[in-house]
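Engineer: Chains as they are written, first to last, in the numbering used here: chain X, 1 to 260; chain Z, 1 to 315; chain R, 1 to 873.
Read the hints as simulated data drawn from the structure, not as lab findings. Predicted model only: the values in this text are computed from it and were never measured. All C-beta atoms, glycine included, are put in the ideal place defined by N, C-alpha and C.
Here are the simulated SDA-like pairs of lysine to any residue, each with C-alpha atoms no more than 20 Å apart in a straight line:
(1) Z:K195 to R:R56
(2) X:K73 to R:A34
(3) Z:K89 to R:R129
Residues on chain Z that point at chain R, a partial pick, calculated with CB under 10 Å:
(4) T22
(5) W105
(6) Y114
(7) Q156
(8) F190
(9) R208
(10) T253
(11) P254
(12) I292
(13) I304
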Amino acid sequence: MSRRAIIIIIVVLAAAVTLSYLWLGHTGPTQAARADILPVPAVAGGEDPLAPAAAVWGGITPIQVPLSGMDIKGEWPVAITTSLEVQALRRGDWLYWRVSWADTTADSRIQDITQFADAVAVQVPVEAAQRPYICMGQGTGPVNIIYWRADTNQAESLVGGAYGTLSRYPLVEAKGQGSYQNGRWTVVLARALGQDPAWQVPQASIAFAVWNGADEQRGGRKSTSNWLTLDLRAGGQVTASRNEVASRPVARSHIPRRWR
Amino acid sequence: MSQRQLAMVIDINKCLGCQTCTIADKNMWLRGPGQEYMCWNSVETRPGDGYPRRWEKMGGGFDANGEVQLGDLPGVEDYGVPWEWDWEKLPHIFPRPQPSWGPNWQEDVGEGEYPNTWYFYLPRPCNHCNKPACLAACPRQAIYKREEDGIVLIDQERCRGYRYCVRACPYKKPYYNVQTNKAEKCIFCFPRVEKGVPPACVAQCAGRIRFFGFMDDTEGPVYKLVKKFKVAVPLHPEYGTEPNVYYVPPISTPRVGNNGEPQGQGRIPLAYLESLFGPSVRQVLDTLRQEIARARRGETSELIQTLVSNQRWRV
Amino acid sequence: MRKFTRRDFLKMGGLASAGVLVSQRLPALQMLQAVEDPLKSYPYRGWEDLYRKEWRWDKVVRTTHSVNCTGSCGWNVQVRDGIAIRSEQSADFPDPEYNPRGCQKGASYERYVYGPQRVKYPLQRVGERGEGKWKRISWEEAYDIIAEKFLEVAQKHGTDHVFLFSVIPAMSPLSAGAGYRFGSLTGCVVGSFYDWYSDLPPGEPMTWGYQTESCEAWDWANSRYIILWGANAVESRIPDAHFLTEARYLGAKIVTIFPDYNPTSLKADQYLPIREGTDAALGLAMAQHIIARGLYDRAYLQEQTDLPLLVRTDTRKFLRQADLEPGGRDDVFYYWDQKAGQAVAAGKQNLALGPADPALEGRFRVQTAGGEVEVQPVWALLAEKLNRECTPEIAAGITGIAASVIRQVAEEFATTKPAMIIEGAGTNHWYHNDLINRAQMLLPILTGNVGKNGGGFNHYVGQEALKVPSLNQWFWPEKTRWQNTTLWTYCHTFGRRTRGVEEGWMPLYPKEGDPKMMIVWRANYLNQAKGHEAVLANLWPKLELIVDFNYRLDTTALYADLVLPAASFFEKFDLSTTDLHEYIHSFNAAIDPLWESKPDFYIWKELIQVITRKARQKGMADFANLYERWAEMGETPEAVAQWALDNHPWTKGYTVEEIKKHPVRLKRGPNATAGDRSGEAGFTRNRGAFTPFKEHVEGKEHWPTLTGRQQLYLDHDVFLAEGEELPVYKPPLELEKHPLHYLTPHGRWSVHSTWRDLDWMLQLQRGGPILELNPQDAAARDIADNDEVILFNEHGETRLRAKLAPRVRPGTVIVYHGWERYLFDRDSGNWQAPVTIKVKPTQEVEYGHLKFRLNYWGPTGTNRDTRVDVRKA
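Start from the sequences and build out the full structure, keeping to the hints where you can.
Structural biologist: In structure tokens:
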């Protein structure tokens, strides 16, 4: 089978999946489609998409991303966020994502030392061509994380190369803005592409994570997605990989064993 | 393990409960936003709930298998909400919110019926443990023990405010700062120590109760009190973190009858001291009493000379 | 003048948490190196500079604080970008035993310098007194108002209608003296403080002819037996309390005598839970036992005391030369020499007895001009009185301390030498404080401990010891209208006159009419006044102008008409001395005076210049040369200080420049420098530490009393009428009125009212005024911990929060001293509301060595004899 044939088959399958969702009751262009490919249409001009209510997002089809809970300290989240609605667009040298999820409490102000903020993050490889280990990447395959926190309502650009290595990543600029309405967070995250040569690619891997502050979620205690594929060609299409699902490690304490 | 270890001895028999250490520490490091509720070094009246309130019941430390335990996360109301006063309200000003708890709320309360009430002061900086539970619990490895002096630090760049250290420390000595979203704690005043100056709480102790230096300095007061004379013991050794702050336990004022008749035994129950300092406290108190008796007979005691010395640190 | 906001100051602190910590220089991915074992090594230590940068300054200035705590500590103020960011004890006293000196209050003083309490500009009241409504005025306007009013009062009523009040010159004598000298030169009334605040131990002038003399704290370590009697050193003498815990380690037995099991008792080998106010009975019973067991130092008593002097049994007065010879002297006294078998005049040369053997016991007959009379030595009268009235069994019923315990402590005190009593406000603040003092003093006297290192009766309440003595000449160039403030406040508040005033023993100003004007500086007269509510209601309205110089808006400032912004302790030069150590040291300006503030010395200087100018304009000759007279010894505090140092042997040879750099030890006593430092390694017992009265005990000089001896017998008619010619126990007053006894000890969280309103201090308490009571008394009144309660009696009501503490003796309640009025509710009085003023007749007599002198002899303003009740609010 030629490469072209494979692409056609996938397009047909994707269309079938999309149709089946619509048939199951999801109506209208703003409804999320279940997909593992996140298309990134290019947008020119208009208002800044950073505002969660920016009109531009109304014309972009969302996908729905399933999440599952994880924790590295053995304290599994109680309030798992099961799915995210995600949209993406490219405007000039910036990539934008609008992420939306249900959360019964807006944990957006940390006044007491026992409070944790709601948060959301987008994870992409530093080298867009790589698909590193999904949990914070690895030494040979670092990941770039755009992390937005509800209490600061700002995003920061971070880099990780293994558990416990998360650091600020000043080489990539990030922006973020969120709002909470009717039991849902809607947050726009943005990452500069700029002249980043590592990101002059048609496709890249992408993953999402959400933290529910009311459930003391922070660090490794969160809800995460699998790797998805970000399709940087307007209308482009690439299959997603599911192979990490089975291999995701059940993280345990990293405590040096010799004290035991 | 670090190559060398700085350690502190705190003589409870000399402690005045004046909190000059607490203030010296606050002046040194704790005047920034988000730090209002913090006393990296605290002094609590024992018996009592301490700071934060009921910290000994919050868990943390290591279990029998050496596995770090995540205890409870105290709220600011457990430390004491830092009250504020509105000076625009003169001629009458009040603390807000209405006080209901504070870091020294149970000052001089203690237990026992008059005239056999009993209490003493327990100053508590970070223990800079050999096996820091805070370090073990940090998923970011942002807590480390300095090779050259064993001081345990929370990296203020890499910390992301997860507060696992706060939960894991059985002494509740890391503090979360909501303004910086980082945990902080006593740093044994390393910038001073690096210049040969002891920590603020040691240098400024008006009661002259604190001794400081490297544990391997056999001529230093810390070595002498801990290793040579064995009169200084760690707080809650059962927590398994191997602290580097040691205490000379309190010698009791004797109990009295209703008309002041001396009744021999001390008013602080030995079992209580054992619950704080472990079973060796009995031997420690015997040693102290013997040496004081020698001093009363006019004999010279190197231990006593160390406890009253003008040379309380070598760094 | 620099202007800083509180925000500027706060910004200086806590840079550690300032936030952004991006290490731009580091290639970002270098941060991805995993930390293999943070117990072994850590790759990212560059951030540590964050804390290192915090511990730095542009300069360090050594200074001290002007607070009446007896600390006289040394502080290094760290100054960065012109802001006093932090202070640490200087720890530069030449003898390391004194280092470090300074407590939590001193360590937080910057918070006052930049705090919301600070008076920034001259303020004129625009609302009612105490309402807190002010108008900012210029210094010129302020001086003008004061000068005009002063000259008006002087012309219309006389300057004895102007009352000046400033406390404790030892804590900053140049700031105090600038106004004292003005008062002396103008005839203003200058109020006392040491007696008014009941810090004066009247037993000392009575017995020894001294105001107060105590050993330096180092001498505590020379003692083998220390009784802390009403002296809560652990709380109220923080810089020196270590000498106690160290003395205990060095083998001294520590005994504490307090109604509550207080923090000092934690350090005791024995605690005596005495019933409040019964201390004299305990002391006398101990004395009775010492006498009965023959444990006294007979030779010492024969030589040093009036115990061998003969008293006529018919008149109960001393046998005097005037009794024996027509035209004989009134100040020649007699003992019965057992060798000569006759009454012999006690030597006038010195105390040395030579071969004489004065009798202590017995009754003798002496031929007087008026016939034969029976005489007895004072000793015999004392012993008989004690045997009759105060055996340990009798005292046990009074004090609640078992007779066996009284005997045991008495025997130990008498046989363990040297032994000392450290006395404090806990026993000195009672109405019968003179009797309590005299009973306590009896013990070291009987056992020959007075005048010896490690021994004596050492009283530490109030920092009265001005150890640059020639400053007194600067303060008082003329005969001054000194005024006992207890009497001034009592008489002008209640419209009464006392016997001492009527008899002319004690002055009362003004001679006629009411006082018109008051200037307060370095003090908080109103907040600390006994009878606070009555003072505010009755005395305050009489004063047409109340002026306060202050760096903080305290209660007196709040209720004044004019408040002048004084420089803080970090903004001026002055000197400082204390009873507790033997050093002179200085204040130095770490920063320029903030806002429009000025040092007290310069406020007085400028005010006096304005008064002088106006007086000349008005042709008022009395004040035409006022400024020139005022400035005779110097126009700057440094110049006056140098003049004072040069003019007394204790201080001659020291320069202001040297003292600005470090403390210098007073040149007095047999070991004027560090003394004999032989002894144990590390901590050194200083056997040459200063202890008073060696000139009498070793040098055999007479004591400055009527009899020239330590005088236990006072034969003035008032004493005889009150039955107080010898020490005696009298119960506290008003025991029947209310069920609870009100105790207001000095605590660790304030020096009087200073620091009472400081956030950091309050955060380590309970945020506001509290009343401590025993859980039994609380339960009987349905009071739970932290409940709001009302403390009340017939004098006033106070609202505060209850703290339940089993250390408090049932039947007593404790409110630590000094809460500012504005920390209470609008409908509440302050902590002094239940306290009134009581004047004790024996303390206003004129008798031999007991003659009114400022802060030396005059009625004390006691407060402990106050009964109250408490109810839930």
